[in-house]
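Chain order of the listed sequences is A and B. Counting from 61, one number per residue, gives the positions in the first sequence under our numbering. Counting from 9, one number per residue, gives the positions in the second sequence under our numbering.
Simulated from the structure, these hints should not be mistaken for lab results. Predicted, not measured: the structure shown is a model, and the values here were computed from it. Accuracy of the hints is not assured; some may be wrong.
Straight-line distance between alpha carbons at most 25 angstroms, and here's what the computed SDA-like set of lysine to any residue pairs gives [said to hold, decoys possible]:
(1) K191/A <-> L280/B
(2) K149/B <-> V128/B
(3) K191/A <-> F199/B
(4) K107/B <-> V120/B
(5) K208/B <-> R192/A
(6) K101/B <-> E133/A
(7) K208/B <-> V120/B
Pair ranges (Cβ atoms, derived) [to be verified]:
(8) R192/A <-> G238/B: 52 to 62 angstroms
(9) W282/B <-> R192/A: 14 to 24 angstroms
(10) S200/B <-> E118/A: 33 to 43 angstroms
(11) L110/B <-> A226/A: 28 to 38 angstroms
(12) D103/B <-> P168/A: 31 to 41 angstroms
(13) G199/A <-> S200/B: 25 to 35 angstroms
(14) R75/B <-> A128/A: 20 to 30 angstroms
(15) E281/B <-> P76/A: 45 to 55 angstroms
(16) I148/B <-> P76/A: 32 to 42 angstroms
(17) S200/B <-> E133/A: 17 to 27 angstroms
(18) G247/A <-> S200/B: 55 to 65 angstroms
Glycine included, each C-beta is placed from N, C-alpha and C at the ideal position.
The primary structure of each chain is shown beneath.
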Amino acid sequence: MSLVIDSVRKRFGAYPALEGVSMSAPQGAFVALLGPSGSGKTTLLRILGGLEIPDAGEVRFADLNWLAVPTRERRAGFVFQHYALFRHMTVAGNIAFGLNVRARRTRPAKAEIDRRVEELLHLVQLEGYGKRYPSQLSGGQRQRVALARALAIEPRMLLLDEPFGALDAKVRKELRAWLRALHVRLGLTTIFVTHDQDEAFAMADLVAVMHAGKIEQYGTPADVKRAPRTAFVEEFVGGAGGTAG
Amino acid sequence: MSAARRRLRGPVEESPAARLLLIAVTIGFVGLFLLAPLANVFASALSEGRAMAFAAIGDPDALSANRLTLIVAAIAVPLNAIFGVSAAWAITKHDFPGKSILVSLIDLPFSVSPVISGLVYVLMFGLQGWLGPFLRAHDIKIIFALPGIVLATMFVTFPFVARELIPLMSDQGRTEEEAAVTLGASGWQVFSRVTLPNIKWGLLYGVLLCNARAMGEFGAVSVVSGHIRGLTNTMPLHVEVLYNDYQFVGAFAVASLLAMLAIVTLVLKTFLEWRYADEIAAQHRH
Numbered sequence: 061m062s063l064v065i066d067s068v069r070k071r072f073g074a075y076p077a078l079e080g081v082s083m084s085a086p087q088g089a090f091v092a093l094l095g096p097s098g099s100g101k102t103t104l105l106r107i108l109g110g111l112e113i114p115d116a117g118e119v120r121f122a123d124l125n126w127l128a129v130p131t132r133e134r135r136a137g138f139v140f141q142h143y144a145l146f147r148h149m150t151v152a153g154n155i156a157f158g159l160n161v162r163a164r165r166t167r168p169a170k171a172e173i174d175r176r177v178e179e180l181l182h183l184v185q186l187e188g189y190g191k192r193y194p195s196q197l198s199g200g201q202r203q204r205v206a207l208a209r210a211l212a213i214e215p216r217m218l219l220l221d222e223p224f225g226a227l228d229a230k231v232r233k234e235l236r237a238w239l240r241a242l243h244v245r246l247g248l249t250t251i252f253v254t255h256d257q258d259e260a261f262a263m264a265d266l267v268a269v270m271h272a273g274k275i276e277q278y279g280t281p282a283d284v285k286r287a288p289r290t291a292f293v294e295e296f297v298g299g300a301g302g303t304a305g
Numbered sequence: 009m010s011a012a013r014r015r016l017r018g019p020v021e022e023s024p025a026a027r028l029l030l031i032a033v034t035i036g037f038v039g040l041f042l043l044a045p046l047a048n049v050f051a052s053a054l055s056e057g058r059a060m061a062f063a064a065i066g067d068p069d070a071l072s073a074n075r076l077t078l079i080v081a082a083i084a085v086p087l088n089a090i091f092g093v094s095a096a097w098a099i100t101k102h103d104f105p106g107k108s109i110l111v112s113l114i115d116l117p118f119s120v121s122p123v124i125s126g127l128v129y130v131l132m133f134g135l136q137g138w139l140g141p142f143l144r145a146h147d148i149k150i151i152f153a154l155p156g157i158v159l160a161t162m163f164v165t166f167p168f169v170a171r172e173l174i175p176l177m178s179d180q181g182r183t184e185e186e187a188a189v190t191l192g193a194s195g196w197q198v199f200s201r202v203t204l205p206n207i208k209w210g211l212l213y214g215v216l217l218c219n220a221r222a223m224g225e226f227g228a229v230s231v232v233s234g235h236i237r238g239l240t241n242t243m244p245l246h247v248e249v250l251y252n253d254y255q256f257v258g259a260f261a262v263a264s265l266l267a268m269l270a271i272v273t274l275v276l277k278t279f280l281e282w283r284y285a286d287e288i289a290a291q292h293r294h
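So that you can see chain A by itself, here it is in the shape it has in the complex (with noise of 0.2 angstroms):
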């Protein structure tokens, strides 16, 4: 069950996204894509997500071709920057979404839906936030109901666009162990992109340092922090380093 990712390229007119991209991760890693803004680290996020169709490479998870799955039915939780929720739905309904678009045979009952609605709210901590709007629910609310709403599809990865880029530093730091935590019950493999060096060391099992199209460096973050390979990892992550002592 783990993901491997081989050569994988990606152009977006003459502008080169991705060039040549590897990596593996076990499965129920917590992996950070780590770089600048254009290094390249979301769209790799969104080709994971079946978002994109890189131009070559391959990308193995499961034992499945993973890029030959259709996306809807890759079961990717994919929580997105701005957190995309259906703005005439109710946070309820966000979640259930879903549920409720599967054929049929395979959808829950309804008393069954409104079960598993309930369960996922108490587990970001959205109780009684159900018959609400997006638009009445502050930054760190619409985020966890994003969450919630990519947990619902019993999702085989999750991958998270800078999960806390829009918020401020208080939320970000509960946020973040309460991710944490909550990745560690879960034991989904999760793929998260950040350019914030911190967020990356303080939450991943492994992490990526990308810069123009391609990984610098791959590695845990003690190994990364202690032995940088090239110099743009030096400088980028030494910026964070350095400034902390």
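Model the placement of chain B on the given structure of chain A, informed by the hints.
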């Protein structure tokens, strides 16, 4: 202290005199150019008593014009709504070559005089037109008949729905649709459960405008209709015919029907905005 504070103004607020002047100018213009003519239409219709006005509206030719106008709108508006939604969907949610040309083409009916658009159909489908011999051989009547009137109306009202939806949908972006697909929704489910609910107010507004114009269109329809009384006269054409016959009461009576249609459109729009204010605001705030 409190009196002094009351005299303080916000940075973009004008002096009371300037404010009064602005309001007076606005009300003056609205009254002079919008309300006075509208009141005049109703006053002229009733100038010789209610009985005369109702007689003009109940005239068989007038009834036939009403019916034709309703039929034309009932065909043209839904077709343009479907077209507008699919065009806006194609343009805002997908990338393809020639997209910007398509966007400008949709605007064409706005920049062409309605008379010209009517003439184009005459040139195509008229007896002397390109397809004239073929249509005559198969006994198909388009010009001076219902199909021609529907075509001309559709041409003129073509951009309303699409124009309303394109900015709205490009503003909303694609991420909600992307989210829906990753959650397992099919193409149709994405459209019916995510895209359509997000644009319903804009769509309704576009349909209202499209309908008002479809029922009121004069120029293009005038060219293709042939003005056959009781057969190919729509309401606006019937007003002209009556007016040219010096039947002023009748002309204004039918015109007040059209004016009432405009008022109903406005009231409907205001009601919807008021009734669903929360939902509309929620959509905009997000």
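Hints, one by one, checked against the model:
1. K191/A <-> L280/B: The hint holds at about 23 angstroms.
2. K149/B <-> V128/B: holds (16 angstroms)
3. K191/A <-> F199/B: Roughly 23 angstroms between the alpha carbons, so the hint for K191/A and F199/B holds.
4. K107/B <-> V120/B: Within the cut-off at roughly 21 angstroms; holds.
5. K208/B <-> R192/A: Cα-Cα ~20 angstroms, so holds.
6. K101/B <-> E133/A: holds (21 angstroms)
7. K208/B <-> V120/B: violated (29 angstroms)
8. R192/A <-> G238/B: 52 to 62 angstroms: holds (58 angstroms)
9. W282/B <-> R192/A: 14 to 24 angstroms: Once the Cβ atoms are compared, 23 angstroms apart, the range 14 to 24 angstroms for R192/A and W282/B holds.
10. S200/B <-> E118/A: 33 to 43 angstroms: holds (35 angstroms)
11. L110/B <-> A226/A: 28 to 38 angstroms: holds (34 angstroms)
12. D103/B <-> P168/A: 31 to 41 angstroms: holds (37 angstroms)
13. G199/A <-> S200/B: 25 to 35 angstroms: holds (29 angstroms)
14. R75/B <-> A128/A: 20 to 30 angstroms: violated (58 angstroms)
15. E281/B <-> P76/A: 45 to 55 angstroms: holds (48 angstroms)
16. I148/B <-> P76/A: 32 to 42 angstroms: At 57 angstroms between Cβs, range violated.
17. S200/B <-> E133/A: 17 to 27 angstroms: Since S200/B and E133/A have Cβ atoms about 20 angstroms apart, the given range 17 to 27 angstroms holds.
18. G247/A <-> S200/B: 55 to 65 angstroms: violated (35 angstroms)
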